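Novice: Spelled out, the chains give:
2 protein chains.
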Amino acid sequence: MPRVIFYPFGKEISVPENRTLLEAAQKAGVLVNASCGGKGVCGKCKVILEEGQVDEAEHALLTTKERKENYILACQTRVIEDVRVRVPIELELISKDQTKIQTLITKRDIWNKKLEQIEADGLVNKYFLELPVPSIEDSKSDTSRIKNKLKQIIGNQHQISFEHEIIRNLGDILRDSDYRVTATVHEKNGSAEIVRIEPGNTYMNNYAITVDVGTTSIKAQLIDLNNRRIIEESSDYNSQISYGEDVLSRMVFALKGKGLNILQEKVIDTINGIINRLVEKSGVARNDISHMIAAGNTVMVHILIGVNPKYIRSEPYIPVFKFPPPLKCSDIGIEINNNAPLVIFPSVASYLGADITAGLAAAEFWHQDKLTLYIDIGTNGELVLGNSEWLVGCSCSAGPAFEGGGVKNGLRCATGAIEKVSIDRDTLEVAFQTYGGTLVRGICGSGLIDLMAELFLSGIINGRGKIDLDLDTDRTREGNYGPEFVVAWKEQSESGQDIVITEVDIDNLMRAKAAVYAGITTLVESVGLNIDNIEKVILAGTFGNYIRVKEAVTIGLLPDIDLNKYSFIGNGSLLGSTMAAVNQEYLNKAKEFAEKISYLELSVHSGFMDKYMSALFLPHTDRSLFPSVSVN
Amino acid sequence: MPRVIFYPFGKEISVPENRTLLEAAQKAGVLVNASCGGKGVCGKCKVILEEGQVDEAEHALLTTKERKENYILACQTRVIEDVRVRVPIELELISKDQTKIQTLITKRDIWNKKLEQIEADGLVNKYFLELPVPSIEDSKSDTSRIKNKLKQIIGNQHQISFEHEIIRNLGDILRDSDYRVTATVHEKNGSAEIVRIEPGNTYMNNYAITVDVGTTSIKAQLIDLNNRRIIEESSDYNSQISYGEDVLSRMVFALKGKGLNILQEKVIDTINGIINRLVEKSGVARNDISHMIAAGNTVMVHILIGVNPKYIRSEPYIPVFKFPPPLKCSDIGIEINNNAPLVIFPSVASYLGADITAGLAAAEFWHQDKLTLYIDIGTNGELVLGNSEWLVGCSCSAGPAFEGGGVKNGLRCATGAIEKVSIDRDTLEVAFQTYGGTLVRGICGSGLIDLMAELFLSGIINGRGKIDLDLDTDRTREGNYGPEFVVAWKEQSESGQDIVITEVDIDNLMRAKAAVYAGITTLVESVGLNIDNIEKVILAGTFGNYIRVKEAVTIGLLPDIDLNKYSFIGNGSLLGSTMAAVNQEYLNKAKEFAEKISYLELSVHSGFMDKYMSALFLPHTDRSLFPSVSVN
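First to last, the protein sequences are chains X and P. Mind the numbering: the first sequence is residues 26 to 657 in the numbering used here, read in order. Mind the numbering: the second sequence is residues 26 to 657 in the numbering used here, read in order.
Okay, chain X solo, but in the shape it has when bound:
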């Protein structure tokens, strides 16, 4: 079998002849971005052939220059002999460089302050029990002895049961510990299942893992439940990513042969990898992690528990479940305590997922008296509007532009990404800032919003997003893909090539922002209100966390209301999970939300398309909606 070596990782793998390089990369555990799932349409899986011959299918996704430089598409190239391949810098991003993304997760101190203020009422608790020693007069069974004591502590209202496996050696544990044991108890809805009995008092060793299962990256925290503190956190790219960048391509892949199994395996591998690091870094015993609480979009949650999300894909967009079934971590191979419950937040709809109900819980929507808009923008803009009384929600397909997809030099938030841009109104010169202060590798979502706003405000692009090529600057020019604007010169870039934004990119961004804004107005009007009635806006998600509101208003992505009404919650999906670990009320409220939110299906909603068309302009065709935006 021919061998493939991947640089710069140095990973080597043998594959049967005629396998694609993408398959070889997947087999080798080398993450190669394949947004379209290997169909040969996105052109993202470029790699450089350094040695050997391959069999390349016909396609038109590489420029002449790229061809000269031996770029090939991994998904369109079959291995026929030993080859050496280099994964280029742009793609290296998704190799596992932990330190880079690490700092971007959360503001742990702020979160810990939140946790301190929450009353402890965990889902899985530990109780130290000093049991009466049995005698002829007191011949209760071992399990009854424990149940009776536990009832004195947690109250009579619970129906207490024992997990089957743990009673096997219960007799020995009780007698060896002189009837002083610690019970780990999963408490919910009036039932209490004892999932572990340990000798002695181990009451203090109770931890939870909370996980945001994102399509792109997975973020997790290790929570010390007794001290109500996040003691460690870690994250990684969801290694499903090499089977497609977004949920649609994952759903397509899940339909192929063992596709679903592979995707499930990948996400669980990623989570287990994160758990391994958390355990190592914190010194916490794996067995003392008594449960996991997770949230994520509906597709991610389906795949996580091995359920094919195929009917989510097409009308009428039906998920198999919104409320996940009761599960143990070990049912799906997650490696913490063997009897640890796996608790997953409920979804509202196929495209309004558990990440949103967790976020709403984190935002304590049940306390929101004001009319509040919750926005999580990724590939989909997920929107919920309401207050403690009522909620409506929708999902608008924004496309991947804000995540760097469909944008020539787009990049996710990572080192080297331009995240802040300003353009001198006179000289049209560009000032920018990259994550990590390194050479430029691309432009991330917040950078793109800044850039769009600045291009617009400085007159480089007009309301329709067209670049004015007649301006007195060499930054505007006709490029290979039509008109473009040079954001960073090749000297400033890591790849040694100019970093540009093209009209095509701007068009994609325009459609993304129009979808979100049209979603917001449709949602608000569906309940007979208008934009001005919104009293509070909560921005959530990785992207939401780094957005600059003023610029987002300038391009018409966010409504032009008092900027003081805006606030940021960060990763609501993870925060909600973490808060629920400390107090299960956050989960229970999320369940209420999942039942309560009226879901609006925008794709068939009369009026949405008109609103979308009207929003395909900077900031909007109806300028009266954006009074604060004035062009130089």
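Don't read these hints as lab results, they were simulated from the structure. None of the values given here were measured: they were computed from a predicted structure.
If several chains are the same, the list does not tell them apart, and a pair holds so long as it fits within one copy or across any two.
The list that follows gives simulated cross-link-like pairs (lysine-lysine, PhoX-like), each with its CA atoms no further than 20 Å apart: (1) K93 with K71; (2) K165 with K616; (3) K621 with K174; (4) K165 with K335; (5) K433 with K90; (6) K621 with K165; (7) K176 with K616; (8) K176 with K621; (9) K281 with K52.
Given the coordinates of chain X, assemble chain P onto it according to the supplied hints.
Specialist: This is chain P only, laid out in the frame that chain X set:
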């Protein structure tokens, strides 16, 4: 490795040198009775060496005659070369001859009449659901769609959940069946778990297996839940039997290395074998058996679910559990529907088991206004006294005499067992009846009671159980083991040897009956009553089913009260399980009983020993307690 062939089965096996013949038999699946668990003390594992040499340990359990006939003890003999061994007639009993024991299980027609009168309220039910087809306007998840419909049928009070595995292909089933499916639902205590979804209407195909897990034999019924009928039944010896005859020797074996695992495997093998036959005979699809309900003594139930019963053995006799944890059949390898719940009745105490709570449920004790005594006599006499208001219970160690143990020609109820005896008061000649009307193989419990009563009434034995050797009959004589009485001459016996009862046998029987009677009186007096207050006696168990009350009263086993107060319930353990399959109230009531029964530990009860000593006489030292018994 040397080979061992077992006749009359023709089974052949290779074993490493120096393994015992008992181990070889166990490995070959040949059931050889080893009451003591292979310790070389019971002398029951006799086999005949027909060919080859063995290495026999020293012991004194075989007579000179037996030695001459090449009898050896399987547990005391090591294999050193190829041998041929014959399992003698007496032991063949416990080979798997189904037809013989089959007829002894139940009076199926009577039971079916009972079932007809019970309102249907099963633990696991099937519901045909015609679901609304999803649309954009009705975009509930697949699981919610099912839950909502189910709530309309079973009511809102249930918290409905889905078993994890079944949601994997739920999407396909719903769409392939045009949203017409049948849900199998496990309903209990306000929760309802959906354990199966089938396409179309299969509502009628819902079956339960009910099982009495006896120490000696396992009896099972297949119940058609829609027609509330027993449609098939089967039984087999519990194949644990070759590791010890009673619960004590099983507990000892469970402590050795993999002992517990082996015993669990054996009982599950036996149950699976029975299930195979039931499935084959009935034509019912294995998958349509939606649950199993079982009862048995506390030790059997512990072993069944893989929990070591070791602390039951010695004071203060503590079981690990009285209420079994929630289980699926597949958790322990029982082969019916993969998600079938396994429901086990609760125990009262280490020696008052689930078989008793099931029996009390079968007897509908919650309707018993009269003071009622429930008696199940096996190796232990298990006794419960009370009415719908209160219950007290105890267990008295009767020893195995009534099951044929410790009695030279004792035999369990099976073909060839003398089950009825009368002795001519003048000629002292014996008339008897065997099960199946065949040649005599031994005497079973009911036969032994008859025999004792007749021996006593005809003056052959006195009140202390001593045989009068001076009578004018050649049936009384001095035998190898002291005085004995010939019940059947060798011409009448299958083995060609006289069938006798010895003074030692009578002594054992005397102690057994004294223990039971002393238990009854202790129990009655513990609540300030006396024997005459008893208004009703229910006899349960295989032995109880065939006992003749008058004779049992004559020997002082049962109290001398109006015979009309006695009734028989048969195998209460199985009947209770079967009734619970039709209506879960029978299980719920059993749980109440298990909580409610005051358990009396006789071994430390002041007064029990005195009562026992007084009862070591025929019928009793206090003749006034047995006014109806008069000796010829």
